[in-house]
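Novice: The whole structure should be built from the sequences, with the hints applied where relevant.
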Amino acid sequence: MRRLLLLGVTALCLCMFVVADKQPDRQADKSSPETDGVLQLKKGNFNRALRKHKQLLVHFYAPLTREGHRVSNAFEGAAEELQGSEVKLAVIDQNKEKELAKELNATGLPAIRLYLSGDKHNAIDCPLPQSSASILTWLKRRAGSATDLIADLIQSEASEELRVVGFFKELDHDYVQVFYAAAIELPDLNFVVTQDEEVISKYGLTHDVVLLLKKSELIQAYKMMPQTSKEELIIFITVYQMDPVTEYTGETATQILTAPVLNHALLFVNKSSSDFKDIHMAFSSAASAFRLKILFVFVDVDEPRNGRIMEYFHVRDFEAPLIRLINLTDHVTYQLPSDTLDLQTIKTFCQSYLEGKAKPKMQSEPIPEGWDKQPVKELVGTTLEQVAFNPNKTVFVLFYLPYSHESRAVFPLWEELAEALKEREDVVVARIDASANDINLSMQGAYPSLCLFPALHAERVVVYRGKKKVKDLIKFLDKEMKKAKKERVKEDEDRRKYIEAIKAEEAQKANESKDEL
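For any residue, its number in our numbering is found by taking its place in the sequence shown, counting from 1, and adding 100.
Treat the hints as calculated values from the structure; they're not laboratory data.
Every residue gets a Cβ at the ideal spot worked out from N, C-alpha and C, and that includes glycine.
Any given hint could turn out to be false.
No farther apart than 30 angstroms at their CA atoms in a straight line, the calculated lysine-lysine pairs in the DSBU-like style are these [claimed, not checked]:
#1 K459 - K477
#2 K143 - K188
#3 K575 - K477
DEER-style ranges, computed between Cβ atoms [as the list claims (entries may be wrong)]:
#4 A389 - H414: 24 to 32 angstroms
#5 L271 - E411: 51 to 59 angstroms
#6 Q444 - D248: 42 to 50 angstroms
#7 L454 - K582: 51 to 59 angstroms
#8 D578 - K198: 54 to 62 angstroms
#9 E469 - D578: 26 to 34 angstroms
Specialist: In structure tokens:
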């Protein structure tokens, strides 16, 4: 009887242990909510999901961003296809889960990462997809091998899509592994492996070569070498899948910014201008000479949606056309020092940049020694506003480009003007190189630009558009000074009243404090 009682107690305990063991699973399921089969992860349930699923594909997204919206659509489409598979999909809102995103180093652009066997420190980045098919292809290629890419080229010769074709003599060669590694990193592209001598011979090439084909037309070929790395092959494919010159738009921005070529040449130009065709042709011809070294992009300054990139580079529409070079690693910019944008000028500038001889465009040049000792004061970015907006001086500034013939033609006139006004202590004549210093002022008109800054507390700029003669400049100056003098009287009166009101308020507060004591 005692043995039966002990057995009963033991069985009861075992049942309790089983129930207790299953309880956390039910709690875990409740604490890891799903939407259409996709886990909604937070800091509290991320580690639990990581332990539970051997393959966890996580989308870190930032709502309300254009890029985030596109990637989210691709991820949702892939989630439908992957229902019931070994891969479990999950999302993390970067804005709401900032602490978790920071811990996982996912605070930047939207990202998709694959976590394997609970290892959260060695996640595998999925290339940002163009569509759901990109995600599915990436997962398939990761799990597959190069033999999966073997296909009959003749059947797909009329394809509109770009095809990356690897022709190899031996399928077990290291070249094939490098080719397949590149295929995994570029899931949006169609990769094919072939050993068909007849097909490859029509392009006049031999084995161990990678071809970019579109409608059977050879765009470019790349000969594999023992030292060829996956990264080098990806750069070749990524660059040559793009046109020599890419227009910057909302659709191409991601492709441009994620391109493996970090040196970018940007042409800021008005597409509707009469000289656009000639400038674009010269820019395109130069681009062909620097493929794999410099990415060539043009920005239409007449497109309102390009305002942000123009603001970043401190370019105004009236300054176009101009060319800037930038490296996306150090973000130092260089400006082509010429108002002639022909093929040879552009090529010379690009070559000097690659050789480290080009002069960087700075926010401000160093303040030159004795800058205020000559009749014409030499301003730079750091002294411009300090001098120009002096409320007790009327300042006439020439904004010029040193390489412009039109700008240099104004230099003698400006010296003559300064000499004529040297006895007037309330007037300053100055100039500044607009190509070497960032000009953060609202001005309209191309360079050279003659701008008057009246002696006012209000920061005002008046652009001179009259004849370039000393007597006309002085006449304009006197007229604006007379106008500013009247405004200054009102300004001073308003400032006096404001100061008196502040003093009265402070006195009242002091009296109230005394009364309280």
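Novice: Evaluate each hint against the coordinates.
Specialist: Checked hints:
no., hint, result
1, K459 - K477, "holds (23 angstroms)"
2, K143 - K188, "holds (18 angstroms)"
3, K575 - K477, "holds (21 angstroms)"
4, A389 - H414: 24 to 32 angstroms, "holds (28 angstroms)"
5, L271 - E411: 51 to 59 angstroms, "holds (52 angstroms)"
6, Q444 - D248: 42 to 50 angstroms, "holds (48 angstroms)"
7, L454 - K582: 51 to 59 angstroms, "holds (55 angstroms)"
8, D578 - K198: 54 to 62 angstroms, "holds (60 angstroms)"
9, E469 - D578: 26 to 34 angstroms, "holds (33 angstroms)"
No hint from the list above goes unmet by this structure.
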